[in-house]
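Participant: Just so you know, the protein sequences line up as chains F and Z, in that order. With my numbering applied, the first sequence covers 1 to 681. With my numbering applied, the second sequence covers 1 to 491.
Not one of these hints is a red herring.
DSBU-like mimics (lysine-lysine), calculated; alpha carbons at most 30 Å apart, straight line: (1) F:K630 to F:K618; (2) Z:K427 to F:K117; (3) Z:K153 to F:K618.
Just so you know, the hints here were simulated from the structure itself, not pulled from any lab data.
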Amino acid sequence: MAEPFHPYLPFLLWWVPLLPLIAGAVIAILPNRYGRVASQIATGALFLSCLIALAALLCSLTPGKMASSIPAVTWLTFGDVALQVGLWLDPMSAAMAAMVTFVALWIFVYSIGYMEKEARFGRFFGFLSLFCGAMLFVVLSNSLLLLFMAWELVGLASYMLIGFYFEKPTAAAAAQKAFITTRVGDMAFFIGMIWLYRQSGTLLFYDNGNGLLESGVLHSLAGATTVGGLAVSSAAALLLLVGAMGKSGQVPLHTWLPDAMEGPTPVSALIHAATMVAAGVFLVARTHPIFSAAADLNGLSLPLIAAAWIGGITALYAALVALAQTDIKRILAYSTVSQLGFMMVALGTGGVAAAMFHLIAHAFFKALLFLSAGSVIHGCHEEQDIRRMGGLRHAMPKTFVTYAVGMMALSGFPFVFSGFWSKEAILHKAQIWPGGHGPFLLAGAAALLTAFYMTRQALLVFFGVPRRPGVAHPHESPSVMLVPLYVLAAGAVLLALVGTPVWPWFEEWISGESARFDSGALMKPEVMHLIGLSLAIVTLGVGASWAIYRNVSSDSQAADPLAGKLGGVWRFLEQAMGFDALYEKAIIGPLAFFAGAIDALERQVFVPLMAVGESCVKRIGRWTGVSDEKGLNDGFDRLCSGLQNRAVSASRSQSGRPQAYLRAIGLGMSVLLILYFWLIA
Amino acid sequence: MTPAWTILSAFFGALLVLLLPARMAAVSRIIALVASLVGAVAAAASCLARLNHAVVWDFDRAWIPTLGIRFHLAADGLSLTLLLLTGLVAVAGVLFSWNVERRPRAFFAFFLTIIGGVDGVFMSRDAFLLFVCYEIVILPKYLLIAVWGSTNKEYGAMKLTMYSIGSSALILIGLVVAYGASGGTSFDLAHLASTHYSPALQAWAFPILFVGFAVLAGMWPFHTWAPTGHVAAPTAASMLLAGVVMKLGAYGALCVALPLFPEGFEQWKPAIAALAVIGIVYGALTALSQKDLKFVIGYSSVSHMGFVLLGIAAGTHWGLRGAVLQMISHGIIAGLLFGIAGRVVYERTHTRDLTALREFDLWRTLPGAAIGFTLATAASMGLPGFSGFVAEISVAIGLWESSPWLVPAVALGIVITGAFSLRALHKAFFPVRQASDTTALPLAPLTWPEISAISLLIAVSLAIGLYPKPWVDLIDDGLRSPLFHSILSQP
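Working from the sequences, and respecting the hints, build out all of it.
Facilitator: Below, the structure is given as structure tokens:
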């Protein structure tokens, strides 16, 4: 197993994450006026990195040599215990690395056009490169420690990119909110990691049988129990899940993700749709053996059940909220939250491969949607409100086509789009889950709403009449922005080929089996059943939306047709069910109050305490001073002045007249002589 | 180069600076830089030698034989890393003080004296000598703040000195108790530590000695000297205070109080851990509502030093190692933060008020400082890749063994640290403004001493964060000393 695929691979694989990181470092020290050069360095480094990642992907296709460890570096040692970091290449990480580099490469190309007029053009590419390097370490890491370190760096890069327009109050606030909220999740991850380390003595995933994800350690983790009889593996997995919820925007840690749309659109596409937010899903997929270590006979364990339910709730919640949004990017952001919920459902119900397939398909079509939305925003002169768009299919025909592909893939239009098959696989897993029908029903309802709100968005943006009179004409984007759209659109469609029930190549590759072609699979009753259901869901969602939004008013101020029917519920959805307000009241408020109170304590108690101490000391000092002055000192003074007087009178003899001195000497000499002879005698 | 060069170069440099004639006052900074560099290089060379298993340097002469006091200096791996820290902070401190115009000779003489005293503490193997070196630091510290300081400097200097002297008194009592109880024949630390004191004596003597040291490490509730002192001090002195002087307290607590009274430590461990955690959260929360940039850093120091005390309180190998790592990490990062806030920014804007700084639009007018402070903030938040992360994870692993229920409190502290760090960073360097508002005038660009000092400290923090193994190996070398046997052999 430790045998590498290819003699050069261990050496080369390190360069996949290192190249973008180095590019980021080089750009950091490059003066800002070399923006063009910076973008070339960043894109070039990522291109090389992408080539290696694709080569690694090809290597991992070799049957029988599915996984390979890249030798670890000892990061810290303690006696015979070492904390090591290394890389791990298996189908899952190979697919992720290839996806990240490929999608990111096209987003870089797009950004060259999109960010062209930006003053901080070079910095932007520096941050993007830093992000890619860190993200690639997340996916390729062979140790929880390295994964966590990269995970934090990814968060840092995300923070800097959300706050790219930090002069804008909303962007500055969104950046800090994102960082702090995800950090709450990260700390749970941190604690879970320490727990796992203390329990098992290793953080390496695979280590010739001694790794965290290998049966020996898993067995001991599942065997040890903690508070309430919970297996340690499950407790630690729950903590990792909280970390994943923070990064992947699962309810209730999701509120930062819609706000993160304050970042430039390519950032939303790369980080807050395609890659980083999927890191949480990837973490759960990677550590899935820990989640299921203490599973019962039905394959159920507490962390898995939690993941399934949280995913289901998130999927439905975000789809509901997306119904009532009017900002083109916020709708997509909520749909990202919702789709991440789908992936969590898949992980919870045992479909790691289904989750990974949806993750990768989603990366393609959601990046495509965001970039198309960026093209729309660009073409409409920075307008983001879909109520003020309309009729754009005539002005931007190419963007319309790519957007339509993305929208149909996300809504799950049947057969030719990857989103249909990936979502179908998830629903299939959820349906046969022995833990109950809740997640399946939640996900099904979310799928219906997805088709509904995506159709609404498409109708409001591209159909009807222009609802923004009196501004310059919208225009189509340059080809540097359009080519990436074509490539991603092709990906969103072609990926469908590897994930159908007829040829479930992807699923079997991820699970380490060799794929086989089975044309009969499509005809199995349960598959037919589910395909029928998916079809019904999509048709219903699209149809209902079409009925409502087909003839939307040409007035951009008019209320949404649904708003009147839903009334208070609509407003509730518009405000994302009040999570932000709740957090403001329940967490931010008390925290600020507490900080203020402690500051007051510091000023009102510690400083006065010091002052009291000081005045006490001073008072004692005055008292001792007085007693000193009157008692001890007076005596001393008297002694001193007495001495002084003596000295003064003594000094009178120092007259300076030699005769007087000689006289004194003569007198002294004679006294000495007399004494001498008297003593001799 | 032996480690002796650290202490020799500092004191010799101080003497040389004092002997300079008035007209050559400008030379004093060059002498100070050379002396600090010699110290840093000597420490680095000794670290490398020790990593290659060179013999531990040891210098032992009779000093006051009637009392059994010896002039005994030695430097194992732990001492060497702290000497290196001192050397690095000293070099950066001199560079950040390059433009001191007021009485430069006296300034640098005091500066180097502090360095020499600190080096002496880190190397003393005799409790009496350690105490003497400890005292050497106090007076120049007071004068540096009272003469060259700002913002309420007399108050800050006096408060700091009072706390220092009070803590010295406690330390002296503790040491004399140990000396008496061990037979009154020797102040040798190894001898004092090898004596077994009665549990009753340990139970009351340990807190006296420990608190004596911990005051200087900024332990809550004896921390208030730190923020006011740091703010009042001139930049180089803030850097020394936060960077190395606070470490004296932590070092004493770790290498004197613990080995002398291990059973007392065992008894008081939960109390220390509780105070440390309170300090972490309390310092972070207080920093969240400060208006002066230096106060933010001052309270963040209280919070960060809480990790050192917590690592010590864990009492496990991981915990002690984490404590030392955090001492080094905080020394570098606090030095950097104070250097940028106090020297680079304040000298140009003459304000540290977070609201007033907004008008300067610093990211645009002083980009070098903004980049440096951003990196320093990232390091201070404990982001991986920087030294703080290594320290925090080591402390947390160590703590998990002894009191896992405290780990969530630590995590809370880390989250709040993120909040106050970002708040200060945004307010001071990346203010919310109209993008078209470019009224703020460019400030003087960074000078070469500033750039080199910032780069040096960031590079060291990154070096530790990216590859901590050599540092940890050195610290472990020190922790293998017989001094710690009684602590680490406990179940």
